[in-house]
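Below, each chain spelled out in residue letters.
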Amino acid sequence: MKKSVFYGTLAATAVLAGAASAQTTLETVQQRGELICGVSMGLAGFSAPDANGVWQGLDVAVCRAVAAAVLSDPMAVSFVPLTSQTRFSALASSEIDMLSRNTTWTYSRDTDLQLTFVGVTYYDGQGFMVPRELGVSSATELDGATVCIETGTTTELNLADFFRINGMSYEPVPVESNAEAQQQYLAGACDVYTTDASALAAVRAAFPEPGAHVILPEIVSKEPLGPVVRHGDDQWGDIVRWTLNALIAAEELGITSANIEELKAGTDNPEINRILGAEGDLGAMIGLDSEWAVRAISAGGNYGELFAANVGEQTPIGLARGLNAQWTQGGLLYAPPFR
Amino acid sequence: MSSTGDARMQSAAPKAAFKLSMLLYDQRYRSITIQIVFLFALMLGIAWLVDNTINNLRALGRDFSFAFLGNPAGYDINQRLIEYDSQMTHGRAALVGLLNTILLAIMACALATVLGIVAGVLRLSNNWIVARLMTIYVEIFRNIPTLVWIIIFGAIMSESMPAPSAFRGDDPSASMLLGDAVAMTNRGVYIPAILFDNNLGNLNLGVVSPSINWILVLLAILGGIFAHKRIVAHATAVQNATGERPKTWWKTIAVIAGPVVLLFIFFGAHLEYPELRGFNFQGGIHMRNSLIAMWLGLGIYTGAFVAEIVRSGILAISRGQSEAAAALGLQPGKTMRLVILPQALRVIIPPLISQYLNITKNTSLGLAVGYMDLRSTLGGITINQTGRELEGMLLMMAIYLIVSLTISSLMNVYNNRVKLKER
Amino acid sequence: MSDTQPISYVRDTMLGQQEPPATQRGVVKWLRENLFSNWLNSILTLAALVAIYLILTSVGPWLLNSIWDAESLRECRDILDGTPGACFAVITDRWHQLLFGFYPPEHYWRPVLALVLLLIALAPILFAELPRKMLYFSAVFPFIGYHLLWGGSVWFPISVFLGFVAGYIAFRALAKVSALVSVIGAVAATLVWWFFIAGPFDAAMYSVAPIGLEFVRSESFGGFLISLVIGVTGISLSLPLGILLALGRQSDMLFVKTVCVVFIEFIRGVPLITLLFTASLLLNYFLPPGTNFDLILRVIIMVTLFAAAYMAEVIRGGLAALPKGQYEAADALGLDYWKAQRLIIMPQALKISIPGIVNTFISLFKDTTLVVFIGLLDPLGLSNAIRADTAWTGIYWELFIFIGALFFIFCFSMSRYSMYLERKLKTDHR
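Residue numbers (our numbering), protein chains in the order written: chain A, 2 to 340; chain B, 3 to 425; chain C, 85 to 514.
Only chain A is shown next, with the shape it has when bound in the complex (with noise of 0.2 Å):
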């Protein structure tokens, strides 16, 4: 049906493989008019479309940001789903401009996998879930249980060397997505569920009786999820870098959609006129426009509103900040100064 396609893009690729290697991926967004990012097929609260297709989350809210601050429109990014299998390939071949798709920091893949973590949008552990009448409460009474987890991802390697340190046996049922762990872990195929913290909350909220399970109090490992942009270009690493440094710093300096229009104007406060463009020209310096935080962050507001509308505690998922406040607050949230 669709021959032309195959032999049209032969053609153009052909003509476009010289032009699109030598150019910047600022440029071939610019050009493109559309940033390209990457999201989980599905995490409530971090990236899920909604029934009109539209997706949402806190990982979608990232891409936003950058998109707002690239091209001064939020609206223009457009959401490659990927199965924590294909991600960083997608990413390495360019396929997306972006990773956000609540992906763990580790040493090889900063390193090997040659991808460079911009930030941390969000501070995470493994922890586990078990229903209450287990009447489990420590991870260390897990000997010989059955648990559920999510294939490709970190987690499988934090269980296996938790169990093995503490000297236990477990049996473990690999779920291929989170909606798959959810189903079995509710029939009761599995006793126990382990995935990052934030996601059995949002789990658990779904639940028909959230209160019949517990998450259990420990956190077997650290998951400093965020963005991912591929090695080699360092310009397109420092505008995603500093967009989120910007959401961060906005909510410390409480810079909030409500208030920046008016804050943009000028301040008595040297920082805040710096990030808002109102003093200096920091957005020259990672080729962008002087307004390009004003736009990060009135696409959604500062971290502390996104946090608030698509995982906070008044959401279903309802998350407290815990390590995710500002450091200000007792939390890990710290961006660096804007100078």
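Source of the hints: derived by calculation from the structure; they are not laboratory data. Among the clues, some could well be false.
[Stated by the list, open to error] DSSO-like mimics (lysine-lysine), calculated; alpha carbons at most 30 Å apart, straight line:
| id | chain 1 | residue 1 | chain 2 | residue 2 |
| --- | --- | --- | --- | --- |
| 1 | C | K341 | B | K21 |
| 2 | C | K113 | B | K21 |
| 3 | B | K253 | B | K336 |
Using the hints provided, position chains B and C relative to the given structure of chain A.
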């Protein structure tokens, strides 16, 4: 080439009168020309692909090496036919996966064959309701993708079976079947395992170390089958000589079952029943949900195709054959066994081979229900953890190719044996 | 004995036919013959009845008690209030996604129209009774279909189509010189058009007359739309490739034959999923650095190669079924290889192969569900995405039933068609 001249001249002529244009217009040279051009284009294409790959790998700062297979895997596999833990290598994990693939393929092929023959024959039966039911079975399963069926069977297993905790307490809501021997839970089915008191240890073959007891049992069975063949041959000889066929069934039972029973007694074989301990049942053989879902999904789905193959195989035998058999006074059962089936097999076997191949290839859908086959270990977690997609994928394709070619060549040998010998 | 003796009684009318015994008529006879003819049959019948009863009692209430109107699974559960019942509200809420993926709703008419036109284009191929003129539409349909689905400049498909026209003109113009030259000329003209003229022509025409439907990105494709696009494109592209492979496999040229055999056996020996992974993970390694095209297109290429190997085997079967006399007759007429293939062999072989081709298509269409493993949102992938939405977390039977039913309707009607063809083509009398 000249049109005149005798044979001798003709054979000498081309050399003398060879012109370049003959490469295109002379039948004898044209095919060589085409082949050389084709070969050249093909080599050029392959060289282009290889060159691109080398360039791309260099641009990404990667190398092409299978060394990752020797690194510790770091992940656990639930169903392992050979010893494995998370500290063993990726290569070992791949082997565990491959064995799981083969186990599943054999189980599903057996189920599909049995179901297919039963359904294929019943579809032709004159029992109205059974024939209709079989038609419904065949049509429903054939026309819905196997992946959907696998997922549905996975959901049925985990949703409709009781959890192990339902077996607990004074008044449990679920109970074990067959006198506490079999437990059907939503984590899989637990069946008794055969254990030996006198263990002769394991035979160390390097990569795998099978139990010597089981090897001996297997040898005993093979020996029994060989003896059975001799007995049947002897019976046929007697029948040819005297017209009376001696009864052989009890001899067959004796030579096949006898040694096995003796070995079992000698080894002190006993059954180990599954028992509810801690979170789960322990002991016995645990057939996991993933295995059962894949087994049923592939087996029942492919069984529908096998049923069609069997049915058309039987229908392909001309009516005259069964009429001739009836005229000879053969009973319907014997007609089926001696006249119809041997001929139908010739029609049935070739498509059956491709169904077996399909099953083997479809085992790669295991990830959908978390079955740890080759594709989930080597082609899934290993590739994911090491980022060696090029090497991993090529290796996996090579392994599947070898498995497929082995199956098809084995089945072709069998096919040649049952084929009608035309003289 | 005298023949004058008066006859005491002569029946002058026939007795009415007597009713057969109760066991030999009506329902009872039917039951006896069809259900209880012997003890084995009786057992089977009873077992079947028990099975039907069990299925009906377990599934029946659940299906009858279904909810079609609710906003979320929780609402469904509230309405059902503990009684078993299906929550098909998820279908009413999300059917458009299961069918079209994220295709813009205001453009749903485009894929629907494309499907209708596809059926019209297929009709003359599938039913020999229809006028042959309709084949012209079938030839043009790929371009119409492409434009309807993807949109963009209308001049793009037209300029690609003109490439074929250029090839045809070159073929006719050079046909007098020599068959080989004309084929080479046709290929060259087409390629030259595509590589050097098509682009500027497209751009120039678009700047003069910017006609075209709104462009829809491949990423928006999903659901059954993606299954159909991949399946139909794969099968139609694989047909010519499959014919070439089948001819290559039967060729006398040892080298060509070997390559074709190796290719066919390789593709048939590895699972489709490894080829799909090659499309999504590895194709970028094999192509020049910086090359990057659409995942759907890459999948279509791989699916085409996959289907071509199976197609080659189907067509080889068709070729083998032709009596040798046909080949000899073609030789006797002095036709060269391609003319013999085109005029005598292929029309017959393809006709015999149509049921096989349809069956290949059915299995390919079912296999399109595997694209979920590489992250395309086919119906199964969308079911995962829907279940990830907090409103519908925990629902599955209803989605599987809907997906299964749609596949069933499609594949069942195709298989009926292929059986109809088989009956029509069957010429032996038994």
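Each hint tested on the structure:
Proximity of K341 (chain C) to K21 (chain B) is assessed by CA-CA distance (about 28 Å); at most 30 Å being required, the pair is judged to hold. Note on K113 (chain C) and K21 (chain B): the hinted pairing is violated, with a Cα-Cα distance of about 85 Å set against a maximum of 30 Å. Annotation: proposed proximity of K253 (chain B) to K336 (chain B) holds, straight-line Cα distance about 22 Å (limit 30 Å).
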